[in-house]
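We have chain Z already, so just place chain B on it with the hints.
2 protein chains.
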Amino acid sequence: MKTRRAAKPVAFQGARGAFSEEAARQLLGPRVPVLPCERFEDVFRSLQDGRAEGAIVPIENTLAGSVHENYDHLQTFELPIVAETSVRIVHNLIAPPGVTFARIRRVFSHPVALNQCLDFFARHPRIERVPFYDTAGSVKMVTEEGLKDAAAIASSVAAEIYGGRILRRSIESDRRNFTRFFLLRTPDYARRHPVRAPRHAQWKTSLVFSTRNIPGALFRALSAFALRDLNLTKIESRPLRGKPWEYLFYLEFLDRVDSPNARNALNHLRELADFLRVLGCYPKGA
Amino acid sequence: MKTRRAAKPVAFQGARGAFSEEAARQLLGPRVPVLPCERFEDVFRSLQDGRAEGAIVPIENTLAGSVHENYDHLQTFELPIVAETSVRIVHNLIAPPGVTFARIRRVFSHPVALNQCLDFFARHPRIERVPFYDTAGSVKMVTEEGLKDAAAIASSVAAEIYGGRILRRSIESDRRNFTRFFLLRTPDYARRHPVRAPRHAQWKTSLVFSTRNIPGALFRALSAFALRDLNLTKIESRPLRGKPWEYLFYLEFLDRVDSPNARNALNHLRELADFLRVLGCYPKGA
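Going down the list, the sequences are from chains Z and B.
Sequential numbering of the first sequence, starting at 0, is according to numbering that gives the first Met the number 0.
Sequential numbering of the second sequence, starting at 0, is according to numbering that gives the first Met the number 0.
Check the hints yourself; a few may be wrong.
Which copy is meant is left open, because identical chains are indistinguishable; a pair holds if it fits in one copy or across any two.
[As the list claims (entries may be wrong)] Think about it this way: if two alpha-carbon atoms lie no more than 20 Å apart in a straight line, the pair counts; the simulated SDA-like pairs of lysine to any residue are:
| hint | residue 1 | residue 2 |
| --- | --- | --- |
| 1 | LYS242 | ARG174 |
| 2 | LYS7 | ASP41 |
| 3 | LYS242 | THR75 |
| 4 | LYS233 | ALA216 |
| 5 | LYS242 | LYS283 |
| 6 | LYS7 | GLY215 |
| 7 | LYS242 | ALA63 |
Everything labelled a hint here was simulated from the structure, so no lab data went into it.
Note that the coordinates shown come from a computational prediction; the quantities given were computed from them, not determined experimentally.
Okay, chain Z solo, but in the shape it has when bound (with noise of 0.2 Å):
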């Protein structure tokens, strides 16, 4: 009889019950194990030592914009990207069991999530609001201590998890709140498991490059895609460390890499880059 070795985690940023959960779970089901680490950092380190299978990181959101150390991280970890899908943030309020709207006085979760929320803060002037360094934490200190005039803002997990009432649904001032995340894996794991996806998918490349810095540099990197017809989805600059004002730039098309357009339209950058790196190939998320 073949012994069935345990799964390892899925590591991601936050408590239980943060929004990269809710990724986690969309990309990998319902009864996924989890990793949580403090910092996003822990999370890229846990995949590379071994501790994790996986990794689940937030790269954008539709209001805040790019999660720009997660962009510097792909390219410092060389961990594939093989999955991307988009989460809904919704905002809940969530009390410890007991606690009714009418007593809560304070409103603690992370200052983001908090911002997101101010057209139910102003229909609510006696509730104030207080930052919190997690939005599932906040719902984890506001149960365990059993405050009795104070609720939390996170998500529907976080309140499954922590034991937490809803006491009101999606608060949220702007309901256009996506996030995007990534799934990574190891080079290894990518390679024994090749990602698969139905037959008329659409796929995904992300990439990293770097230009002399010449005038017209940019648009002949723009070049090889675009004389192609190759759709960019994203085009995201970082600083280049030790060349103050230069830049690398981190760009998506929608092909695979291995296409045939995708692969003359990579060989043309490859001519005009100082440096250039796959960072992954994935079926475009819902």
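Showing chain B alone in chain Z's frame:
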């Protein structure tokens, strides 16, 4: 006899002695009156409301990258950029008078500053890093409280203002650490005081635009500059509010906005862009 009007101050974010104050002195002289503000938004608002006559805002750092919040404010507030300057970020270890280096056990500063001095902390493992909300504010605190075992990390201007003693100069790990700042004025002020520069000075123009989300749109937009040999010095993307996964682009090129070449490029870009606004035209900083 003509009475001289008292000069209105220049607003910046942070406590007196912040690196923004160094930028203000570089651009407007060592005796420029200043208005320290708590948040970046307050800096823009003070200028708009007339409490300040100018605003100094950091826009990018060679190690940490762009200050994205300020890109967003540049788009929201219509306050033209009239000058730029770069400040070399020199971190100094500053203690209350009478405190010697041997007695220091704790160092307070902004987390970004603490992180930029990791080599110093590695050489002195007995010293604990303590995050504080502001670099200059940490000098104010250690000197006002007269702490006997503590120092702060901040600019030399902060040491001068709060009467701290510089125990170690330039303890940052990477000296290629520069922050670029903009000076903003009201549209009315900018009209009444056109920017002047030496005859052979280079000029920069900053603008923001969005394109339809179609293949090759960014490439075509950049062609307006590349086809006219205009040198781009910066491009930055930010999420477009209300349109998930669409972007605004901030762009800078080397030329005056009213040169024939730049005018043609902007007319060309207007054909392609959904939205276009010039944020300012100013002499290239040193």
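Hints, one by one, checked against the model:
1. Only between protomers do LYS242 and ARG174 lie at most 20 Å apart by alpha-carbon distance; the minimum there is 11 Å, versus 40 Å within a single protomer.
2. Only within a single protomer do LYS7 and ASP41 lie at most 20 Å apart by alpha-carbon distance; the minimum there is 16 Å, versus 48 Å between protomers.
3. Taking the shortest alpha-carbon separations for LYS242 and THR75, only the intra-copy value of 16 Å comes in at or below 20 Å, while the best inter-copy value is 31 Å.
4. In this homomeric assembly, LYS233 and ALA216 come within 20 Å of each other (Cα to Cα) both inside a single copy, at 18 Å, and across copies, at 12 Å.
5. Taking CA atoms no more than 20 Å apart as the test, LYS242 paired with LYS283 passes between copies only; the shortest distance there is 18 Å, against 34 Å inside one copy.
6. In this assembly of identical chains, LYS7 and GLY215 lie within 20 Å of each other by CA distance neither inside one copy nor across copies; the values are 47 Å within and 42 Å between.
7. Proximity of LYS242 and ALA63 under a CA criterion of 20 Å is satisfied inter-copy only: 13 Å between copies versus 27 Å inside one chain copy.
Hint compliance for this structure: hint 6 alone is broken.
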